[in-house]
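Since the structure of chain A is already known, use the hints to place chain B on it.
Protein chains in written order, with the working numbering: chain A, 1 to 242; chain B, 1 to 442.
Because the hints were derived from the structure by calculation, they are not lab data. Don't take each hint at face value.
[Unchecked claim] From the structure, some residues in chain A lie toward chain B, with a derived Cβ separation under 10 Å: (1) Phe71; (2) Ile74; (3) Arg79; (4) Glu179; (5) Thr231.
[To be verified] Covered stretches of chain B, going by a simulated chain A footprint (3 or more residues, C-beta under 8 Å): (6) 49–61; (7) 132–141.
Ideal placement from N, C-alpha and C gives every residue a C-beta, glycine not left out.
For reference, the chains in residue letters:
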Amino acid sequence: MAEQTTQQAEQGAERTPQWAMAIDLDRCTGCEACVVACASENNVPTAGEDQAAMGRTKHWIRIDRYYEGEFPDIKVKYRPVMCQQCDEAPCEPVCPVNATYQNAEGLNVQIYNRCIGTRYCANNCPYTVRFFNWFAPEWAAPLNLQLNPDVSIRPAGVMEKCTFCAHKIKRAKLDADAEGRELADGDAQPACVQSCPAEAMVFGDMSDADSKVAKQLGSGRSGQLLESLGTKPRVFYLEKAD
Amino acid sequence: MDAIPTTALTPDSGHASVRADLLGRMRGASGPYLAGVAVCGMIVAWALFAWGYQIVNGFGSTGVRRPVYWGFYIVNFVFWIGISHAGTLISAILRLTGAEWRKPVTRAAEAITVFCLMIGGLFPLIHISRPWFFYWMLPYPNERLLWPNFRSPLFWDLTAILTYLSGSVIYLYLPLIPDLAELANHSKGAKRRIYRALSLGWTGSDRQWQALERSMKLMAVVILAIAVSVHSVVAYDFSMSVMPTWHNTIFAPYFVVGAIFSGIAALVLVMAALRKMMGLERYLREVHFVNLSKLLLLMSLIWGYFTFSEHLTTWYGNLPSEIRVFQIREHGLFGMLFWTMVACNFVIPFVLLGISKLRSIPTIAVSSAAVLVGMWLERFLIVVPTLSTPPLAAAWGSYAPSWIELSITAGTFAAMVLLYLLFVKAFPIIAIWEYDDGVRAR
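Only chain A is shown next, with the shape it has when bound in the complex:
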């Protein structure tokens, strides 16, 4: 990483972006479009009826529901939860083979090939957003015809989770390079952000003060999930202070 930074300094190249996401809970309607978009973008396999009943579904992003008040005066609040891309991620130090680590852009990356399946990372994730491949993945027809060629299929026995659509970030960088320009705010957009009809989610480089996400973070409404654990997530939730 140090070497990379020096190289970039020599070339006077662009800064290393620091990816972050802001989710406006006051806008989220709980429609789950993000859940569907994520599954089809990232080749997340379906589990089947029996496995789903056991609790073996895979949803890299899920909508948690919080209820306030007593029936019938009940208010539901929705919270999309995916890998929080923590700066102090509890999942990383416990892996005996270094199959998961934080890269220079702040993404917690999972190296599928390196994973031997101790499942320690999943146990130590307070958000329970890591998913295990219990069997080799299968897609019932016609879902097998819509697999995304940009995303690798994970074999049986390895851990997987939200990548912040790392392949789309890479594509955006390649496109920007090809056009001989710098990566602009909004070039890289994860599938969940793109698909949100309420525009509740914003993704971008939080180290760039002009980016949409940086402005959202400075709005005074932002907080983190299970902040007291000190995991320093890169996903921020915006909420009207009560």
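Showing chain B alone in chain A's frame:
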């Protein structure tokens, strides 16, 4: 079957008669013995089939699921590594303190350590979903300069267990050497050559005895330190995490105490079985059981104290994430298991061993069996309730083992019995040379 001398033997009777008696017991095999080997062998074979099925069909064939990513395998792992502390404690402490009564007990104890480590050490392999890559956890040289993660408690675990296994194999082997030479003298053909080679040229000279005594003392000290560190590291697998009730400072000493506790219980049960089945009443006398039962009672009290402290602080502290685990652990199905554990680990030993009138070999054996059940439940209640209630309520779940985990668990108990059955026919289960007056005089 060769005739076994029937003259009354005590540890004080002549070395020659002890030798003839113990060597005689290694010859031949009775019908029940062969039946035992066959039954255990079949259960072990079935467990191996289950493991193969799991590897071929995917880890999903177990009952593990989100969010309980660890199940029976980790419970069994901690349980077997715990029992392995029998050998170290009894043998090393008693050897170092020069307790004379330990003589007929040490080898049985040391063998438990080695076999339990062999079985317990298999569980990480069974537990990982891609066991064919297990060597990635080892710091071996490779062209991509990839290292294991030295920060991971699982890596510490691997290091600790491999150290403990090699240490305890040496510790079992050293006091076997004089007996191996003796066995060579009393065997013929290939057997003689094998025992001769294993005895490493032992002639029984003064220099050799001195070297052996020195190395046994040294290993006793080394192995004690390793044993304490091993179970602390096993505890760190849990306490280094951020999960409610796992992240806990009490776990390392609590696990060491629990390990020694279950180790003594296992030793008592093995001794009771050996005594009954091999007719070793002359060697394994009531005094041995009573002395061990006092140790067992002491460990039961310490265990009760630790358990009380752990639960009291969780309850009084009343942290939202921890109190949830506390509540499910003390009520419902987990609650039934919890109170069974308290009965097995504390109430039964406290009554049966605490009241001296009730203390006899059968009640000591019953308490030991109860402690083994209780200590298995303790590990289960540490692993599963915490995992089934992670901090975010949306992810709560449950766990039930599949036939694979049940078969493999049964298989490990059968493997323990099988290894022991084979061991008593290959090596004298009681150290013959320890009864040699000449040696004792040294």
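Query - chain B contact restraint for Thr231/A - C-beta distance below 10 Å - result: 8 Å, holds
Query - Restraint check, 10 Å cut-off on beta carbons, for Arg79/A near chain B - result: 9 Å, holds
Requested in this report: Can you take a look at whether the region 132–141 of chain B is actually covered by chain A? Rule is 3+ residues, C-beta closer than 8 Å.
Outcome: It holds, with 4 qualifying residues against the three required.
Requested in this report: Count residues of the region 49–61 of chain B with a Cβ under 8 Å from any Cβ of chain A, then say if the count reaches three.
Outcome: Holds, because 4 residues of the region 49–61 of chain B bring their Cβ atoms closer than 8 Å to Cβ atoms of chain A.
Report task. Grab the minimum C-beta distance from Phe71/A to chain B and call the hint holds if it beats 10 Å, violated otherwise. Result -> Since chain B brings no Cβ nearer than about 18 Å to Phe71/A, farther than 10 Å, the hint is violated.
Requested in this report: Report holds or violated for the interface hint on Glu179/A, using the least CB-CB distance to chain B and a cut-off of 10 Å.
Outcome: 35 Å, violated
Report task. Could you check if Ile74/A really has its C-beta closer than 10 Å to a C-beta on chain B? Result -> This hint is violated: Ile74/A lies away from chain B, its Cβ roughly 17 Å from the closest one there, beyond 10 Å.
Hint check: violations occur at hints 1, 2 and 4; the rest are consistent with the structure.
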